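Please work from the sequences and hints to get the whole structure.
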Amino acid sequence: MFSNSTDIQRGAANLLQNAAKLAPGERLLIVHESSDLAYYDAGMISALSKAGREMGAHVSLHEVGFEPTVTMLPQDLREATAAADKVVFVARVGDQLRFVDLGMRTQAVVCYALDRRMLGSRFATADHRPFVELKAAV
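Once you know that position 5 of the sequence shown is 5 in the numbering used here, the rest is easy, because the numbers rise by one and skip nothing.
These aren't lab readings, by the way, just hints derived from the structure by calculation. All values derive from a computational prediction rather than experimental measurement. Errors might be hidden in some of the hints.
As the list claims (entries may be wrong) - Computed list of lysine to aspartate or glutamate pairs in EDC-like fashion (alpha-carbon distance at most 16 Å, straight line):
#: 1; residue 1: K21; residue 2: E63
#: 2; residue 1: K50; residue 2: D7
#: 3; residue 1: K21; residue 2: D85
And the structure:
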């Protein structure tokens with residue numbers, strides 16, 4: 001079943017509010033891959049950008065390529081993340097480096113939804129906080 005635009009925006013808001021803890025006035029950096037790579041749906045970026053702006057954040061985008069083996073953030077991405085309060089990775093590099101100390105003062109979240117259908121799914125629209133509480137309890 002394809003998610004409707006309301007569900008997609010709910011999923012985007014859930015990711016930004018409850019997972020990234022984005023607050024009004026903060027600088028949100030969305031790190032994304034080129035749509036030419038056909039891994040992530042290009043509509044994901046516009047949905048997250050729209051949700052961030054509606055929350056009162058200053059949204060900027062940073063496009064990255066894909067490298068099969070990554071051990072550290074490229075310099076230009078390090079500089080971009082240093083200028084942000086919150087970073088959302090809609091790029092495989094976020095997952096590749098999730099266990100590496102990136103030396104970032106910024107809170108980073110990896111988005112595992114690959115397209116708008118997934119972003120608007122029941123799982124992605126469920127409040128993230130109880131999942132964190134459950135993880136902490138086990």
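Checked hints:
| no. | hint | in the structure |
| --- | --- | --- |
| 1 | K21 - E63 | violated, 22 Å |
| 2 | K50 - D7 | holds, 14 Å |
| 3 | K21 - D85 | holds, 10 Å |
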